[in-house]
Each structure stands twice: as structure tokens, then as C-alpha cells.
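Chemist: One-letter residues, chain by chain:
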Amino acid sequence: MAIVFEKTKGLTDKPTHYCPGCTHGIIHRLVAEAMVELGVLENAIGVAPVGCSVLAYDYFNCDMHQAAHGRAPAVATGIKRVHPNNFVFTYQGDGDLASIGAAEIVHAAHRGEKFSTIFVNNAIYGMTGGQMAPTTLIGQKATTAPYGRDEATTGKPIRMSELLATIDGAVFVERVAVNTPANIRKAKKAILECFKVQLEGKGFGIVEVLSTCPTNWGITPVEAMKWLENNMIPYYPLGNFRKPGEVE
Amino acid sequence: MTKVLMKGNEAVGAAAIAAGCRYFFGYPITPQNEIPEYMSRELGKVGGVFVQAESEVAAINMVYGAAGSGARVMTSSSSPGIALKQEGISYIAGAELPCVIVDMMRGGPGLGSIQPAQGDYFLATRGGGNGDYRMIVLAPADVQELVDLVIEGFDLADIYRTPVMILGDGMIGQMMEPVEFKTEANKELPEKDWATVGTGGKRKPNVINSLYLQAEDLENHNIKLQAKFAKIRENEKRVEKYNIENADIVLTAYGTTSRIAKTAISKLEKEGYKVGLIRPISLYPFPNEAYEEINEDAKGVLTIEMSSGQMIDDVRLSLNGKLPTYFYGRTGGMVPSPEEIVNKVKEILGGDK
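Just so you know, the protein sequences line up as chains Y and S, in that order. Numbering-wise (our numbering), the first sequence opens with residue 71 and increments by one. Numbering-wise (our numbering), the second sequence opens with residue 1110 and increments by one.
Isolated chain S, as found in the complex (with noise of 0.2 Å):
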């Protein structure tokens, strides 16, 4: 298949339509709007659904409608627009629908920027609403990479049956790159019996819910979501390692702050300085095993991310205190430069190649 110039929204509406999602549900927010403009355009054309809801709220919610009812469905948003969607979210991993979520991050807390960042990893990751409950997230560092995971992650909520969460950033919404399309065809995913569809008259209703009144059955719910998690824990963990048997520092990155990083080590590599780099592509489940794996003589693990410093809980939670951890940061809409990077690690390793 020929490679086709797209920039990284429309490529994840290219991708979800390729995936076989036909219904979106969604809201403007800038630096995510080309995603629901896209589907505005195209998911006519094949016998699709796009609603441009009244809100965040209710796009996901619309969302939980639909996913309940079978279909394959996504909608997206940036950081202030996802907070909205928290109620919908939780609701929709404890009824156990599929669906994908995109969140294009911007700059916050509160109307914050719509400048790229990464602040809402622990959104993300912990599960931003209320209760007991984790998604899948998935977080691609190039366009191609956008196109892919949004396609699998399709095919990830309805294995799982849970809603799964695409956390790029504004960079890579943005940015123009090269992609294509590769879908798995034939791929077995299990049947939506549980879908409302209408009985038919030949079965008991199918009831899309997530209240428990007796503290006994929302108990065993909980037991059997955490079984879920587990699962996924065991299987999904995604990340690329680069150089860590024999690094004296590992750089620890994802999405874009992972590329600006890769920058920063071709620099210090001219310079004779042996760098590593993790980067997590599942943000949840967190591939912690791949830090145990840090040659024992490193300095330690640096984690870079465009935030105050968030996913360095998991990394620090990862390592146990095997190895010293440091931390470069920048906010706000702000990116990082190789420069800076090359800098901090030299400040790290105090002339030491």
C-alpha cells in the first residue's frame, strides 16, 4: 500500500474508519479539531454517524449509548474537553463497553493552553473517574504509529470489553508524516451477545449497566474487573528499548518527549556518552519489567515528559530504588529541546563518559 501525507487528527480518523468505526461522537476543542471535522466529512461516505454532541458530557455518553449497542465507536477530545468525560468513562469501564478515546493534550491545569503537553497521564492512567478501574492507554510518538494503534486499539476494547485510550499530544495531532494503513484481516474478536439490539423475542433483555445495589455483587463486580486488568497486565504491555544492558544514564520518554529524546542521545552518542532510552507505548499497562532490565552499573534513569512530572511514579515504582532516578520537565505548552536534555544528562553524569 502507498504511503499518503497526513496530519496525525485526520490520520486517526483515517485509521478508526479503516478500522470499522462508523459512529463518532464529539466536541470542538482546539488542538484536536481535524479529528471531528474528518468525521464530519468522511464517515457519511460509508454509511456512518457523526453527531457533533452539546458537550464533552454528552458526546460520551452518546458514546456509551452506542457502544452498548454494539457498534464500534470513538470520540476525542484534549485535556480540559477529557476531564468532562470522566463521568462517561467510568460508566462505561465498569458496564464494560468497548470504545476508543482520543485526547489530544494541551497545556492545563484548567483552560491551561492548547500548546502540546503531557499532563494528563494520571488521568490517564489511574482512571480519572471515580471508583476502581483502569483502561488501556496507548501512547504513539509518530503519526504511523497514531494510525496503528488507534486501529488495534479497536480491536483491544473488544477483546477486552473495555474503553481504550489514545493519549497523544498536540505535536503529534498536528504534525504532517507519512502513513498507512495496515489492517488485520479476519481477526477473531469475541460476539457482542451482551449488545441491546432489541430481544427479538427470543431471549431475556440485555441490560447495560454498572449499579450494583448489593455491596456483595459490587464486590464480585469489582473481583472481576481487577481479574480483567490482570489480564491485561499480563498480555498488552508495548514498549521499545534502545541500548540499556550498556547505558551509564537511560532516558525514559513517550510520545513526542520520547523523540525529542532520541535526538538528544544521536548528540551525546557523538560525543562518546553511552545513553539508553524506555519508551512505554502502553502507558497503562506499564511495561515496569523493561526497567529491571537496566544494566546495574548506570548512573541511573532519567524521565523526561512535558508535565511537573508524572509517569516518573511509575518509573520510580518500576525501578524500587534499584537505580538513583532524575527528572527534566517542562510545561505549559512548552517542549523540551534536545539541547536541554544533552545538558541535564551532562549535569547528571558530571562529565563522566
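Only chain Y is shown next, with the shape it has when bound in the complex (with noise of 0.2 Å):
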């Protein structure tokens, strides 16, 4: 009988503890087919962040680190700048990244760290339980913005592909989501493109993937792919913001 599909050799046997209709799965089955299918994943080593994707050394059948809140960039700049030869990704929030890291991430780019960052946003602290991030949208309800988030007191929601991409550093920076087959095949694509550019030496490359968070938004997990498209993607548009070759 030929096999039309079977699950990636780029994620171990453990089940996830995401919660139902977490678009986390997702990414990460992602993330380990590009590993695959670029062949590095024996010789890849990942960084896993805080937030709910830390027990992602888990899921990856790679080695792993597990980096302390938003560090994952310096954690992968000392494993890259060790092993310049082998794969090196990190696989972030944006709690951790866009507020805690911030400092980290800009700065990976800055020095044109040769490694991939995955940055999973779905616009709130999902692990701790639903508090605003950088990224929470105007309006939008999280157990430290009970009343929406307010900009007058708390600024507008970062945009960091945008911030990134001003960058020179950063070689590679794209945004998609995973909300649909279609866009899962097209963050797909990214995410392999975003491997490569770590892979021909160009430089940092991130992909950030608009994702869901039903149980702390409070809604279901079909409602929550409509939320993203109707909300984050008009905030947030999809598409590439750098690619080698437009760095000067």
C-alpha cells in the first residue's frame, strides 16, 4: 500500500499539551517538515523559549536548549557562533519576543546572527493566562486589560516583522498565518525560504506566524480562525518584508 502521508520525522512521539485548536501543532509539524525536507534536522539544534511552546525541546527531535524568557536569540547566537556548521533555530512567542526579548531579537539581527527564528504570534500571554502583550490589539480583552487594551495608556500593538525588517541584518523577514490551507502552504513556503537563507550563510531570517489562542481569547477554535483573519491580518498584513537580495 503506498503512504500518501505520515507524520514528520521531525517531531518526536510525545503528545503535546496544547489546548484544542492551538494553531502551535501546526507550526511546529512546520517547522520539523522544512527541517526534513532541507535534510538538517541530525544536525539541527533548536532553542525553545517561555511561554507556552517551552516544552517544544519535547516535540523537536533535534537537540534542544531551553532558554530563560525572551533570551532565545542570545542562547542561539552562543550555540550558532560555536557550531557555525549546524542548523540553528529558535522558536519564540511574542510575549517573549516582541516584550521581554526585544533587546535580544533586535540586536540577533543586528549582528546578522546566522540563525532562524519562528515567531509564533497570537497576540496575548497564552502559558500565564491570558495578560496584554505588545501585541494585543486595540480592544482587545486580556486578564491585565480587563477593559481592552487602551492605547492611551498602553500604546498601539508592535509590529515587529516591520521593526525587523529595517534592519540590514536581517536578510529574511516574512509574515504569514496559519488560519487556512492556504496560508499553512504559504507559511510553509516561508519557513523553508527562511532555512535556506540560514543554510546559503546570508544572514537572520524570521518567519512570524499570526497563530490562535481560543482558551485565553474565550472563544472556540472556529471562531478563533475568523478572529485572526478579521482582526490580525488587517493589523497585522501577511507577506515579505525582506528577502536576500534586496539587502543592500
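Everything labelled a hint here was simulated from the structure, so no lab data went into it. Yeah, the Cβ is synthetic: ideal placement off N, Cα and C, and Gly gets one too. Just to be clear, a hint being listed does not mean it is correct.
With a Cα cut of at most 30 Å, we get these calculated DSS-like pairs of lysine-lysine [said to hold, decoys possible]:
| id | chain 1 | residue 1 | chain 2 | residue 2 |
| --- | --- | --- | --- | --- |
| 1 | Y | K84 | S | K1311 |
| 2 | S | K1116 | S | K1296 |
| 3 | S | K1313 | Y | K259 |
| 4 | S | K1313 | Y | K266 |
From the structure, some residues in chain S lie toward chain Y, with a derived Cβ separation under 10 Å [stated by the list, open to error]:
| id | residue |
| --- | --- |
| 5 | F1134 |
| 6 | V1306 |
| 7 | Q1335 |
Assemble the dimeric complex from its two separately framed chains, guided by the hints.
Modeler: Below is the structure:
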């Protein structure tokens, strides 16, 4: 019998702890498939963040580090400088990357560190129970913004891809979403392209993936996919912000 | 090997390279800037890597990544910068990674001053970061000892899979003295089979981690760490003792202040006083047994520090009430003079020789 689909070898058999309807599982699979397809799984070293994906070190079937909150890009810098021929990636959420780890991601990009970052943006702190993130949308309710995010006191949501795209060392920057099969296919393509940038030694690459959090958004998984499309994509436009060749 | 005249901070860099350290991650702060400057100049020549991080926080996390990847790696800073590194040091201790951290102490608290001080004793020996951990803390008193302890520190880090702190101060970092570099060849060190280098498809993934969500698992991890610290206490105490069996009073000090104490002792001896010295070289593990060997008829133990009194806690714990304890300290970058110590000793002894 011909096998038409099988689970990627890039993931372990450990059942994940993610909530029903959470899109971390899809993103894990895309990252793992990309590593297998590019033939880098066996020399890959990944860095898991603090946040919902803290246990990613149990799920990716390659050597892993668990990093302090926001510090994954610094940890990855240490790894990649020791092992320049290994494939190194960080997997971070929006609280981790856009808030506490803003300095680390900006300076890893600024130095042109040759690793890849998967940035999962679900506009909220998931693991700690739904607090406001820098990426939370205006009016969106969070446990530390119980009346909805107020621009007057908390500013507007930060667009990390646009910010990072202003840094010369960030040679690949793209925002994707995983709310529809078509978008998932585009996300996979972007992740592959981003990883190739590292393998070709061109510099730092990041793929921002718009993701859902039905649990903390307080809606069903199906509603969450729609909420992402109707609210996140208009504020966080999908597309490529930087590719090799565009960098002077 | 011929001796070369070197500034303490540069000697740290040269010692690290002699010990096989090829990775350095740092951030500028006075009075230790010559360490990253030396490494930026010299590491590339031996195939190593220097990265000036965006912050001390980032630098120590780069160390975490490099150490977890199996490298001999070092970072250095001075007091406020070391305070920022505590997050990473706790993770490094928790994940059991080897590395060397140099603290050239300056005055505090806060931004403090840039002059030498010893106010980081608690931070270094009690584990300044979160959780139940200790690290080996070594306190050199001259540039040669600084070199020797940096080289030995890398081996201790590898043997025990622990961060090792070299606790100097602005004085030792800035002074120039003749040094030679002695490395022990063929020392047997454990294999780093736990490091992340890529599975090569030949083994299960290695994971560098300090997270244990199950309370039982974390307690077991802590029990294992404590067993390691007990082994360190058993095997790695280092101390210099002088005339403690016959002394009327014993001075105790580490690093820079121990040298000033020695000058005070020779002045006092010329006047007929019998004065001993205990100089802890390892601050963790603290050489507590040395204090038990002090002559029972001694009038007491005088702790001298460039702080308001931090090591004196360990001196008191070691003496356990056996002898009276006295303290003399200067702070804020002020360095005690031998005369101040001589006067303090005379005050304690009340003219008794």
C-alpha cells in the first residue's frame, strides 16, 4: 500500500500539551517538515522559549536548549558561534520575543546572526493565563487589560516584522498565518525559504506566524480562526518584508 | 617558562586562552574592560570567537548557549553587570553547564563607584540568582594566582559541570605583576556527551534544560545538585594559613585585603605581636576547618573586608562561638591601609603583646 501522508520524523512521539484549537501544533509540524525536507534535522540545534511553547524541547526531534524568557536569540548566538555548520533555530512567542526579549531579537538581527527564528504571534500571553502582550490589539480584552487594550495608556500593538525589516542584518523577514489551508501552505514555503537563507550563510531570518489562542481569547477554535482573519491580519499584514537580494 | 609583566585583566584573558577557552561573550563595564578588549584582540588569532553582547543579560545567555554546545567559554564583568547576569547564572547552574565568570568587583550598591570593593561576597557565595544553587567561587590575591585560578577554574567547571566565579576586584584587575602560565597537560576531564552538537541521527536528542514541571522531578534534581555541592565542599577547599597555632589574634581576609593584612602582620611582628592569618582562596566552598585550628588562647579573629561585613558571616559560622569576632572594613572604593589594621589590632589586644 502506498503511503500518501505520514507524521514527520522531525517531531517526537510525545503528545503535546497544547490546548484544543491552538495552532502551535501546525507550526511545529511545518518547522519539523522543513528541517526534514532540507536534510538538516540531524545537525539541528533548536532553542525553546518561555511561554506556551516552553516544552518544544520535548517535541522537536533534534538537540534542544530551553532558554530564559526572551533570551533565545542570545542562546542561539552562543550555539551558532560554537557550531557555525549546524542548523540553529529559535521558536518564540510574542511575549517572549516582542516584550521581554525585544533587545535580544533586535541585536541578533543587527549582528546578522546566522540562525532562524520562528515567531508565533497570538496577541496574548498564553501560558500565564491571558495577560496583555505588546501585540494585543486595541480593544482586545486580556486579564491585565480587562476593559480592553487602551491605546492612551498602553500604546498601539507593536509590529515586529516591520521593525526587524529595518535592520540590515535581518535578510529574511516574512509574516504568515496558519488560519486556512492555503495560508498554511504559504507559511511552509516561507519557513523553507527562511531556513535556506541560514544554510546559504546569508544572515538572520525570521518568520512571524499569526496564530490563535482560543483558550485565552475565550472563543471556540473555529471562531478563533475567523477572529485572526478579521482582526489580526488587517493590523498585521501578511507578506514578505525582506529577502536576500533586497539587502544592500 | 619566562615571566611576563601583565595587567591583571589582560592576564585573565591570556590565562583563559592558555586554558583552551575559545569563546568569550561580554559587555563593557569599568574596571574590567581590558578583559573583553584583550579577548577581541587575541581570540581571533587562535580560531576563537569574541562577541560584544547587547547587555550583560544577553552575554551570560550566550555563555549558556555556548556552554550547552560543549565549548570552553568565559564572560567577565564588574558588580552591577554581574547582578544582571544572575538570571543566566541560575539557569547555567540549574542546567549543570560549565563556564567561568569573572567579577572584578567595584563599589556599590547601585551604580556605586568604579574603585575596588568586595561587596559582592554574598552575591557570589550565596548564589545571587533564584533557587537553591551554589557555584565555586575563587578569590585570587595577586596576578599570578589570578592566572592560576582562571586556568584551574575551567577544569573545575568541566569536572563538576558548574559555573565557576573568579572573584577579584578593581585593584587586582588593574595592577601589573610578573606572571607565568602553567597548564597541566593531559588532565583527564569528563566527556561532554550531554552537549548539543546535533544528533547525527545516531542518538536521542540532547536537551539543555532547567525546567522540571513535576515537583518530584525538581526535588530529585535539587537533591542531585546538593550532592554535587557536598562533593565540592569535600574536595575543593583552598586556604592559606599563617601562624594560627601560636597567634594572639588571627586576621582573616581574601583577595586584595589579605595582602594589606600581611603587610600589617609584618609591622605588628616587628613590634612583638603574635598575629596569624587565614586567607580563604575558595570562598565557596568556604574553608571553615581552618578556623577550628586556631589556638584556643587567641583573643579573637579580626575579619577585614572592603565591605560592611559579608565574609564575617562565614567566619562566625566557622568559629561557632569558639572565639570572639571583630571586624574592620572600608567601603565605597576606599582601601584599608596597613596602619588602620595595625591600630585595630592594638585596640582589640589593648596593648597585650
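Chemist: Now look at each hint and say whether the structure bears it out.
Modeler: Here is what the structure says about each hint:
no.	hint	verdict
1	Y/K84 <-> S/K1311	holds (19 Å)
2	S/K1116 <-> S/K1296	holds (28 Å)
3	S/K1313 <-> Y/K259	holds (28 Å)
4	S/K1313 <-> Y/K266	holds (25 Å)
5	F1134	holds (7 Å)
6	V1306	holds (6 Å)
7	Q1335	violated (22 Å)
Of the numbered hints listed earlier, the single one contradicted by the structure is hint 7.
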